[in-house]
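With these hints in hand, go ahead and build the complete structure from the sequences.
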Amino acid sequence: MLVKVDRRRGAEGFCSVSELAPRGMITLRGDLSAKKLQAAAMAAAGVKAFPGRLGAVVEGERAILWFSPDELLILCPKAEVGEALEKLGKALKGTHHLAADVSDARAIFAVAGKSAREVLAKLTPADVSPEALPAGMVRRSRLAQVPAAFWPSGEDRFEIIAFRSVADYVFELLATAARTGGEVGWFAR
Amino acid sequence: MLILHCPYCGVMADETELAPGGEAHLRRAGPESSDEEFMAYLFERENPRGVHFERWRHALGCGKWFHAARDTATLEVFGTYPAQVTEPPEALLETIREKRPGWQWRDLK
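Those sequence lines, one after another, are chains C and A.
Per the working numbering, the very first residue in the first sequence carries number 1; after that it's consecutive.
Per the working numbering, the very first residue in the second sequence carries number 1001; after that it's consecutive.
Hints in this document: simulated from the structure, not taken from any laboratory.
Restraint ranges, calculated between C-beta atoms of paired labels, are given here:
id : chain 1 : residue 1 : chain 2 : residue 2 : range
1  : C       : Leu20     : A       : Gly1050   : 44 to 52 Å
2  : A       : Gly1050   : C       : Glu155    : 43 to 51 Å
3  : C       : Lys35     : A       : Gly1102   : 48 to 56 Å
4  : C       : Pro134    : A       : Gly1022   : 30 to 38 Å
5  : C       : Pro130    : A       : Leu1108   : 36 to 44 Å
The structure displayed is predicted, hence computed values, not measured ones.
The C-beta atom is built at its ideal place from N, Cα and C for all residues, glycine as well.
Right, here's the structure in full:
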């Protein structure tokens, strides 16, 4: 049974679960090995590095997440999406690519606490051990029955995105997995 | 439960992250083909007890299609390889020959 929680208020258990304020999200598809695209993506996201396979370059609210061999998700403050798209359009003019504002497609959550990995491990078949999912990596997988992506965003903290249409469900999943008394201690240090 | 290595994003993907895509390496019977050939292309599928070649999509991960060679009886996975080929790589066939002497799958052996 999932606990019923108000996702606007967040949930406290052995980890805290909260929904973050809407974030600007841009899907960028194209040839990720092209220097031109890499420079454009870094400029649009406002970060200083470009991720490799499964990589995540995270600088606060800004990030470039590697989503597939030809797809990135760029995260930035919501107010900057228009500007970022314009930058991408200008920089990649004449280059085969696709850049789309998908900010409203997904909700973004944070799980914080010493056992944050455990909360995810209960819900996904993906390996979330510190060796398999260190800082600087992102994993697309599923949380229970829905697709999601998650990445370490600081010490003992993960950010998670899932489709907004299932945001309530994902929040309740995370809150249930993080409920006090549900600690497993698998990743205990 | 299958765990397949996605050749695109490199993760070991659990079966529940994947979408099955049926038999691999089907060759479309074109407009010049006979009715029998076209019917075979549409409907005739291998259903072996043993070595099998399949298509899978890393649906909840990177979203890419890839191929997998596995044993349907033991669930042993011989290997996975990218989708942009018309037949399995020779190295993989060699591995299967070693592990399953005398195997045959369509015209591969």
